[in-house]
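Order-wise, the sequence lines are chains A and B.
FYI, the numbering for the first sequence is 80 to 387, going by our numbering.
FYI, the numbering for the second sequence is -3 to 311, going by our numbering.
If you're looking for bench data, these hints aren't it; they were derived computationally from the structure.
Yeah, the Cβ is synthetic: ideal placement off N, Cα and C, and Gly gets one too.
Take the hints with a grain of salt, since some may be wrong.
As the list claims (entries may be wrong) - Have a look at the derived ranges for each label pair, beta carbon to beta carbon:
hint: 1; chain 1: A; residue 1: T360; chain 2: B; residue 2: L159; range: 36 to 44 Å
hint: 2; chain 1: A; residue 1: C248; chain 2: B; residue 2: D200; range: 48 to 56 Å
hint: 3; chain 1: A; residue 1: E202; chain 2: B; residue 2: E192; range: 51 to 59 Å
hint: 4; chain 1: A; residue 1: Q137; chain 2: B; residue 2: L14; range: 52 to 60 Å
hint: 5; chain 1: A; residue 1: A272; chain 2: B; residue 2: Y74; range: 56 to 64 Å
hint: 6; chain 1: A; residue 1: Y85; chain 2: B; residue 2: Y267; range: 52 to 60 Å
hint: 7; chain 1: A; residue 1: G141; chain 2: B; residue 2: Y126; range: 41 to 49 Å
hint: 8; chain 1: A; residue 1: R377; chain 2: B; residue 2: M(-3); range: 49 to 57 Å
hint: 9; chain 1: B; residue 1: R2; chain 2: A; residue 2: L372; range: 47 to 55 Å
hint: 10; chain 1: A; residue 1: C248; chain 2: B; residue 2: G198; range: 55 to 63 Å
Stated by the list, open to error - Computed footprint of chain A on chain B; a stretch qualifies when at least three of its residues, placed anywhere within it, have a C-beta under 8 Å from a C-beta of chain A:
hint: 11; stretch: 102 to 116
hint: 12; stretch: 291 to 300
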Amino acid sequence: MELGPYILLASLEGAVTAAVLALTAVGLALVFGVMRVVNIAHGEFFMLGAVIAWWVAQTVGGHPAIGFAAALVIAPLAVGGIAAAADMTILKRLNYDPERTIVATIGLLYILQQLTLMTYGPEARPVEAPFNQRIALPWIEHGESGWQVIWPWGLGTTSYKLAVIGAACVVLAGVWLMMARSRLGLVMRATQADRDMALAFGIPVERVYALVFGMGAALAALAAVLIVPIQQAHYLMGADPLLLSFIVVIIGGLGSLPGTVLAAVLIGLSDGIISVFFSPTLAKIIATLLVGLVLVFRPEGLFGTRRR
Amino acid sequence: MSPETRRILALHGGLLLLLLGLQFVLPAYHHGNLARIMVLASYAIGYNILFGYTGLLSLGHALFFAAGMYGMALTIQYAGFSPAPALLAGLLAGLVVSAGLAMLALRTTGVAFMIVTLMFAQAGYLSILYFGEYTRGDEGFVIQTARRMLWGIDLSDPTNRYLAALLLFSVCLALSLWLVRAPFGRVLVAIRENEERVQMLGYDTHAHKLGAMIVSGTISALAGAVYGLLFGYAGASFASVQYSIFPLLWVLLGGAGTVLGPFLGTLFMFYLIDLSSGLTTAYMLIAGVALVVLTLFAPQGLAGELRRRLWGWLP
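Let the hints inform the model, and build the full structure from the sequences given.
See below:
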């Protein structure tokens, strides 16, 4: 394959990464934006989503589409429930103190990860995609007889990957609509703007916090259900999404939803293209250093506006 | 000497004498464990200076531990150093790395400080993997017994190893005890309690925090270098996030901001994990539960509770 089709293929793969990453990162940004706490266990909620999806698909049986549809509903609800319970039993009692919350969510990370290891085991297991047709893609090339359309070997995608991108767009639009237009979103934004004032106006802040924490986790779980037919479910799979979501949230301006989505697309696409040219370890080194340096020199994020 | 000072010296000196006495009575298995615990406790002592006394929560101390370990191991392996200069190389590596990270990370505070240290430590871990040709990555490499002769003393011998670990631990304990009772350490505690007020009193808080982070990182690096030398192995896993979380856990459990806390916490956690790993492979579960329970119910830790209830004079 020549370079042109190669880059097209890489950006298609990158778009899938970006779609899943955007969902995961928006979950993290929502929690950070409204509650001002950093959830280190976010990657484990992603992992739980994938593992529960496998479990549901296994239990339901029948046509893969039925199991997958069931997982699409059950996994985010279950994970959201677990997260909301963790919020009410642990984070609430810490008064959402930022530093102690980080320590507690590190603990939560190990608890979830190791419990999964004890019950689900160390194997990586796939979930079958509900539909999976190959779609070959054309490429326009300047040949001997002028411009012509060719079908390069290996250039293609699957219908499922396109569906993942579409589903992510729909969900993100839904989250945006909820935040911007609904009454629930208004309450959340009020809590974000001024916790004490919201409390004074009779907003049940603690319930809003539990809901937001659950929703953030549910978004991560949803992203994991979408990706699990492409990647397999494994108890250590949460580390990479956590790191990438962090990068996205920090570059996207700490808690701003549009900035987060933009950064996710940017990082997802460049991740796909960079990993074609560089070794993945080197790409990760550059990415982690970038996050550290951005936090040191532009703590409000690349796209964020200066607070205070 | 005030009676308080006398009591403090008696307690800490007594612990060291007890550890010296245990060398002669402990069965081989626990003897080896205790040597390991003393080295790891020295690492925790380093961590405690930054976290317990200055109030800065770092999630990247594995970077310093690994800097010391690889500074020592790589110079032995590739530059043919003998152990003494190699230990010095490890110490210097820790000094340089901690000074560099301190200058960057101390521009931030609170949560940003935690994430910045985490990210740089992760970059360090990945770099060790990336240069796997020299560092042997996750697999690590063994330092040959013949290379571990310090001034004619064979450090792979259990008795020598125990005494070397005890020596390191004594030096770190004494240093930390002296530091927190010196004016410098008093200012660090004051920064932990209220940084703005300290600033207003005319202290250069940034310089003090810088100093604390460098001392903390260098002690951690020394512990890393000695660990590699005594147990004859250097590997990338010592640079992973887990080894940044461990000292936090030990210090939280033992009591942040107490001189004895790091040792107590390391001792307890080591045996807790040792016992539970006989039952299940998922022994990190214990660490997770301990973290959550500690932040919820006992943010003061063992020695902290001791200070609160019994011995108000505990440093």
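Cross-check of the supplied hints:
no. : hint                         : in the structure
1   : A:T360 / B:L159: 36 to 44 Å  : holds, 40 Å
2   : A:C248 / B:D200: 48 to 56 Å  : holds, 52 Å
3   : A:E202 / B:E192: 51 to 59 Å  : holds, 53 Å
4   : A:Q137 / B:L14: 52 to 60 Å   : holds, 55 Å
5   : A:A272 / B:Y74: 56 to 64 Å   : holds, 57 Å
6   : A:Y85 / B:Y267: 52 to 60 Å   : holds, 55 Å
7   : A:G141 / B:Y126: 41 to 49 Å  : holds, 46 Å
8   : A:R377 / B:M(-3): 49 to 57 Å : holds, 53 Å
9   : B:R2 / A:L372: 47 to 55 Å    : holds, 50 Å
10  : A:C248 / B:G198: 55 to 63 Å  : holds, 57 Å
11  : 102 to 116                   : holds (count 10)
12  : 291 to 300                   : holds (count 3)
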